[in-house]
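Peer 1: Please build the complex by placing chain B with the ligands on the supplied structure of chain A, with the hints as guidance.
Residue numbers (the numbering used here), protein chains in the order written: chain A, 636 to 873; chain B, 90 to 271.
Sample of chain B residues with no beta-carbon within 12 Å of chain A, all distances over it, derived:
hint	residue
1	L120
2	L123
3	S129
4	K135
5	I158
6	M160
7	I212
8	G258
Computed footprint of chain B on chain A, listed as stretches where at least three residues anywhere in the stretch have a Cβ under 8 Å from a Cβ of chain B:
hint	region
9	728-737
10	744-752
11	760-767
Please keep in mind that the hints were generated in silico from the structure rather than gathered at the bench. Glycine residues also receive a C-beta, built at the ideal position from the N, C-alpha and C atoms.
Listed below are the residues making up each chain.
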Amino acid sequence: MSMNVVTFTIDGVEVKSAPDKTILQAADDVGIYIPRLCYLKDLPPGGHCRVCTVKVNGRPVNACTYPVAEGIVVENNTEELHSLRRNIIEMLFVEGNHFCPSCEVAGKCELQALAYRLALLTPQMPYLYAQKELDATHPDVYLDRNRCVLCGRCVRASIYLDKKNVFGFENRGISMRISVNSNDGLKDTNLTKDDKSMSVCPTGCLVVKRQGFTIPVGKRPYDKKPIGSEIETKTVNS
Amino acid sequence: MSKPVVATAHFTGCFGCHMSILDIDERILDLVELVEFNKSPINDIKNFTKPVDIGIIEGGISNDENAEILMEFRKHCKILVAIGACALTGGVPSMRNLVPLKECLEEAYLNGPTVKSENTGIIPNDPDIPVLLDKVYPCHEVVKIDYFLPGCPPTADTIWNALVALLKGEPLNLDYELIKYD
Ligand code: SF4
Ligand code: SF4
Ligand code: SF4
Ligand code: FES
Chain A
636 MSMNVVTFTI DGVEVKSAPD KTILQAADDV GIYIPRLCYL KDLPPGGHCR VCTVKVNGRP
696 VNACTYPVAE GIVVENNTEE LHSLRRNIIE MLFVEGNHFC PSCEVAGKCE LQALAYRLAL
756 LTPQMPYLYA QKELDATHPD VYLDRNRCVL CGRCVRASIY LDKKNVFGFE NRGISMRISV
816 NSNDGLKDTN LTKDDKSMSV CPTGCLVVKR QGFTIPVGKR PYDKKPIGSE IETKTVNS
Chain B
90 MSKPVVATAH FTGCFGCHMS ILDIDERILD LVELVEFNKS PINDIKNFTK PVDIGIIEGG
150 ISNDENAEIL MEFRKHCKIL VAIGACALTG GVPSMRNLVP LKECLEEAYL NGPTVKSENT
210 GIIPNDPDIP VLLDKVYPCH EVVKIDYFLP GCPPTADTIW NALVALLKGE PLNLDYELIK
270 YD
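Same shape as in the complex, but just chain A:
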């Protein structure tokens, strides 16, 4: 047995992977989609959202942070896990203030796309309608915390890709918010609209101004194809 390959199964399918990968990376490589929200290729995993929960030998773990290992038995595409993921998505909807019909990222929003893929017809938990601040101080971009899912992608992208450290988290639990590392909002930072942190936001929380509603309905990324199809359809060269 080669030391450079581990073999394990996902939903009974045999998967081979380099030993230094996470379950999610190994699955991506062979065209198996594990739903995820806070994970983004090219960023270190955050492990915040739990949407990528799979079972390893019967125990729930984050696929985006859990390393592959020889012989592990991974469950991914099961109704039990989908229902858990659906609950997480539903909570994100009712904890935020998401008015999709008037949102400029509808159709390309990953939160919405996950709801569609998991066939969540509508959230039914009670809405919180929590007060969340909008930061429109910057000339080119705005931050609408009403639509934030606290995935932390902007935080990580700003640090690791832009080398800037514009964003952070403040408070804990239900009062947690994304914060801006300045005294006077986004205009007081060195953030630009072309920064990587601007393009990684999965929702309509961090948005470039004056660019909304450019793609017609029917042509938007998730209008016809579920999120994850780009992984499932990719050619597998093993």
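Peer 2: Chain B with the ligands alone, transformed into the frame defined by chain A:
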């Protein structure tokens, strides 16, 4: 055999969902063959005259009249189907839920930039006008809803497929493209 009876209601919405019902185009001819319409803004029948098989609800619940009629629908209809973002989540009208009702009314009738004369604006308070609730509520928070059709509005195909499935007693499975929140 008598035809299944359908009723529809419009609450706090824009009538776009009813427009989408009419948007089934020539299939509307099949529909009138298949079902009989009872209370609905489409035919202007004001009161229920018989038990209803399927009640279709557009719009969220923002005032006492909405709530009363929705409860009446629940009483008269075997199956209640909520259609559209407004009925399912409160939709665009529920954006007011982020602002206390008193402030909303004061902005609209007393302090807003389009209120003309100073000190003379009044907040309408006629007994004939429905009383606004503190928030706009999704229908399922007021009565039990049996089926949800998302969209703003749901497409004519969504509504048609759902109606046909319900009339045939088949399970309601929406294709991926028909599940939309906008
Ligand atoms: S960010 Fe996504 S989920 Fe939130 S309102 Fe916009 S489209 Fe809907
Ligand atoms: S602003 Fe966007 S990228 Fe940043 S945490 Fe919120 S949702 Fe995630
Ligand atoms: S869901 Fe959209 S189309 Fe239907 S009533 Fe509400 S705003 Fe109008
Ligand atoms: S994608 Fe793994 S925890 Fe968010």
